[in-house]
Amino acid sequence: MAKDLKPHIGIFGRRNCGKSSLINLLTGQDIAIVSDTAGTTTDPVKKSIEIFGVGPCVLIDTAGIDDVGTLGQQRVEKTMKVLEEIDCAVLVITENNFGDPEKRLIARMKELAVPFFVVHNKSDQESLLAVVKAMIEQNYDTKVLNYSVVKDVDIAPLIELLKQTIPESAYQKASLLGGIIQPNEVVVLVCPVDSEAPEGRLILPQVMAIRDVLDNECICVVLKETHLQQYLETMPKPALIVTDSQVFGYVSKIVPQDIPLTSFSIVMARLRGDFDNYVKGTPYLSQLKDGDTILLLELCTHHSTCEDIGRVKLPRMILKYTGKDIHFEYVAGLSPIANPEKYAMAIQCGGCMSTRKQLLNRTNLFVNQGIPISNYGMALAYMNGIFGRVMEPFRTGKG
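So the mapping is simple: the numbering used here equals the position in the sequence shown, first residue as 1, plus 6.
Hints are supplied without guarantee of correctness; some may be wrong.
Taking lysine-lysine and the PhoX-like style, the derived pairs with C-alpha atoms no more than 25 Å apart in a straight line are [stated by the list, open to error]:
#  : residue 1 : residue 2
1  : 319       : 330
2  : 169       : 109
3  : 116       : 52
4  : 109       : 128
5  : 157       : 12
6  : 109       : 149
7  : 12        : 84
8  : 12        : 128
9  : 128       : 149
10 : 139       : 157
11 : 157       : 116
12 : 53        : 139
13 : 157       : 169
14 : 295       : 348
15 : 53        : 87
16 : 128       : 52
17 : 169       : 149
18 : 12        : 116
19 : 259       : 295
Computed beta-carbon distance windows for the label pairs [unchecked claim]:
#  : residue 1 : residue 2 : range
20 : 102       : 295       : 51 to 61 Å
21 : 264       : 330       : 28 to 38 Å
22 : 118       : 236       : 30 to 40 Å
23 : 217       : 297       : 41 to 51 Å
24 : 292       : 113       : 52 to 62 Å
25 : 163       : 102       : 10 to 20 Å
26 : 105       : 342       : 19 to 29 Å
27 : 188       : 75        : 53 to 63 Å
28 : 228       : 325       : 24 to 34 Å
29 : 102       : 189       : 51 to 61 Å
Calculated from the structure, these hints are not laboratory results.
None of the values given here were measured: they were computed from a predicted structure.
Where a beta carbon is used, it is the ideal one built from N, C-alpha and C, also for glycine.
Sequences are here, hints too, so could you generate the full structure?
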């Protein structure tokens, strides 16, 4: 799974069509293995690079969409899965071959709203036919470039198509707290250290928040919840406190009402998730009925402990809050979700181990069927009776 906020560009096509050569040309490096043997690329390969004219991005080389056999079909499935995380796709064809593999790929790209263009490679061996070019451009509303990775040294046409195809939103510099905090303000980050905390380091949202506070030219204070009271009594008043959602109940009692409060999970949801639908769906916690099933969505894979937020603490709190006979199911990583319509509600983690594209494709399964969705932090805040308070930083016109 991707943790990178840079635009993700996937390169797709049949075996031995020159996908890896195209990546090497774009980057000016021998990043991908090039061979005349069909099926050299067996799994998606990611590389963070800088493309002149495009900027920092992640290129993903994929296995052939026409692979055969049992293993070949598994490779194709992995290739199709890549579509869920990319911002732009490049479909490579050769010898004017455009058939069922390409049509299936494009159909899935349309479902996921992935913009794409087509490169007809190896034009030095066989040039693109006008009838094929017209058919693709008219039927699929995209551009087709006749090109040869071997003979064409000018990559400007490729770069121009990339710039035209990648959504503007993919270029926007994302910020966890941008617009909420102002330069020179003090921001306090409350980071509990329990059995779920990684040994010797902080979790990714906490690290991202530290950097974001600094990028916003603010003063960053990092402490455990056990030192928060001492800080508030002896140090300058902070402009914002961001806490781990698991200690909402404890922290909210300590922090005065005039100090804005939110959580790492919630600011991550603002950055990467379907924030508005989380806000809309969270109050459904009060409408749950006996026999309802909630799906807990985790985008990282880890061993569960007695302090696990998604598999232990959150379900336990929901049972106590609702007083209902609620059932829980869990999906980790990017495992497929079967029959989403059977769930009364879905609750998504902060999504620090995913791209925004992955997260939205996942939660859209429920949004499109009118099933309420929430976020770990928002759900915990709601059940602690502070939902309105932790949403306030995003309602004041700052965010």
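### Query
Is the Cα-Cα distance between residue 157 and residue 169 25 Å or less?
Holds, at roughly 23 Å.
### Task
Can you let me know if the beta-carbon spacing of residue 188 and residue 75 is within 53 to 63 Å?
59 Å, holds
### Query
Between residue 163 and residue 102, does the C-beta distance stay in 10 to 20 Å?
Because 19 Å falls inside the window, the suggested range holds.
#### Entry: Hint consistency between residue 157 and residue 12 [alpha-carbon to alpha-carbon, up to 25 Å]
30 Å, violated
### Query
Given the hint that residue 169 pairs with residue 149, does the C-alpha gap stay at or below 25 Å?
13 Å, holds
### Task
Given the hint that residue 128 pairs with residue 52, test it: the Cα-Cα distance must not exceed 25 Å.
Holds: residue 128 and residue 52 sit about 24 Å apart, inside 25 Å.
#### Entry: 25 Å Cα cutoff - pair residue 157, residue 116
Violated - the C-alpha atoms of residue 116 and residue 157 are around 32 Å apart, more than 25 Å.
### Query
Does the alpha-carbon distance linking residue 12 and residue 128 stay inside the 25 Å limit?
Roughly 29 Å separates the two Cα atoms, so the pair is violated.
### Query
Taking the beta carbons of residue 292 and residue 113, is their distance inside 52 to 62 Å?
40 Å, violated
### Message
Need the status of pair residue 116, residue 52: alpha-carbon distance at most 25 Å?
### Response
23 Å, holds
### Query
Measuring from beta carbon to beta carbon, are residue 105 and residue 342 in 19 to 29 Å?
26 Å, holds
#### Entry: Distance restraint between residue 139 and residue 157, which requires alpha-carbon spacing of 25 Å or less
20 Å, holds
In this structure, the hints that do not hold are numbers 5, 8, 11, 12, 19, 22, 24, in rising order.
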